[in-house]
Amino acid sequence: MDGLRRRNFLKLSAVVTAALAGEGLTGWLRRLRAAAPPFPGGEDPDPPNETVARLIHDCVGDRQIKRGHVVLDMPDLAEDGRIVPVEINSDLPVAGDDYVKAVYLFVDFNPDPLVAAYHFTPANGPVAVTTRIKMRRTSWIRAIVESSTGEVWADYKKVETTLNGCG
Amino acid sequence: MPEIGKAKIVIPARIAKGDVIHVQAIIQHPMDTGFFRDANANIIPPYFINNVVVAYGGTEVARFVWTSGVSRDPIVGFTLKADREAPLAVTWKDNKGGVYSTSVDIAFASS
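Protein sequences, first through last, are from chains Z and U. Residues 1 to 167 in my numbering are what the first sequence lists, from first letter to last. Residues 1 to 111 in my numbering are what the second sequence lists, from first letter to last.
Any given hint might turn out to be false.
[What the hints assert, rightly or not] In the PhoX-like style, the derived pairs of lysine-lysine whose C-alpha atoms are separated by at most 25 Å in a straight line are:
no.	chain 1	residue 1	chain 2	residue 2
1	Z	K101	U	K93
2	Z	K158	Z	K66
3	U	K17	U	K93
4	U	K8	U	K81
5	Z	K101	Z	K157
6	U	K17	Z	K101
7	Z	K101	U	K81
8	Z	K66	Z	K157
9	U	K96	U	K17
Keep in mind that the hints were calculated from the coordinates and are not lab data. Predicted model only: the values in this text are computed from it and were never measured.
Kindly produce the complete structure, drawing on both the sequences and the hints.
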């Protein structure tokens with residue numbers, strides 16, 4: 001490579017680097033996110049009953065709830081309704097003011113359907129929540145994630161249970 | 001007899017600066033729903049933790065709102081970006097005014 005071509009090549013790389021840097025990590029992540037939800041959803045849940053619909057509205061308003069970017073991991077069959085393990089993971093990135101603000105966990109047929117709400121800050125990094133909950137009977141479970149930019153993502157799972165854990 | 005309010009925070013043994021760590025916090029609490037009856041058919045009144053606050057270096061980083069739908073001796077796992085050496089404190093509050101708190105020190109492993 002002679003001196004001139006080498007110089008052009010260096011100039012070109014500088015321009016490309018600058019362009020990438022200009023767009024920034026946030027922009028890059030946003031494009032990556034827009035490309036395709038990496039977690040394809042399973043079966044669609046039954047429509048929420050009136051109480052659950054109202055509670056969801058209280059949490060996220062009229063915003064559209066899209067499926068993706070959240071994985072709700074629970075057993076298909078919970079033998080003991082008093083102790084049902086729950087794991088909620090999200091791949092939503094944390095960059096500057098863009099972070100997961102809240103995670104809501106709903107159990108449709110529980111006396112208190114909104115079992116838990118988790119509020120986070122950028123200090124938490126990417127969100128992963130684990131807990132153990134009670135279930136009254138077989139029910140759809142909804143994990144709804146709200147980002148600081150106002151996007152709402154969800155995952156759903158139907159969990160069968162035989163032993164009533166709520167009374 | 002369980003000791004109500006006895007709590008523990010579990011963090012990884014080795015943490016490097018900047019790691020996103022998984023923190024687990026567990027507390028002994030009956031988490032009574034108010035829907036069950038005791039052996040004499042008296043209703044066991046609701047008695048559960050409804051508020052949890054996580055503070056890192058004195059700054060609130062997360063807050064959880066619970067109902068009695070969380071299991072007895074509630075356990076919660078969450079992420080934290082360990083970007084500085086500071087205490088991590090968790091405070092639980094129940095519906096009868098009980099307040100329980102414990103903390104661990106986030107320290108970085110020397111390499």
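So, going through the hints one by one against the coordinates:
1. Z:K101 with U:K93: holds, 22 Å
2. Z:K158 with Z:K66: Between Z:K158 and Z:K66 the Cα gap is close to 18 Å, so the pair holds against 25 Å.
3. U:K17 with U:K93: violated, 31 Å
4. U:K8 with U:K81: holds, 19 Å
5. Z:K101 with Z:K157: holds, 22 Å
6. U:K17 with Z:K101: Roughly 23 Å between the alpha carbons, so the hint for U:K17 and Z:K101 holds.
7. Z:K101 with U:K81: Cα-Cα ~15 Å, so holds.
8. Z:K66 with Z:K157: holds, 15 Å
9. U:K96 with U:K17: violated, 39 Å
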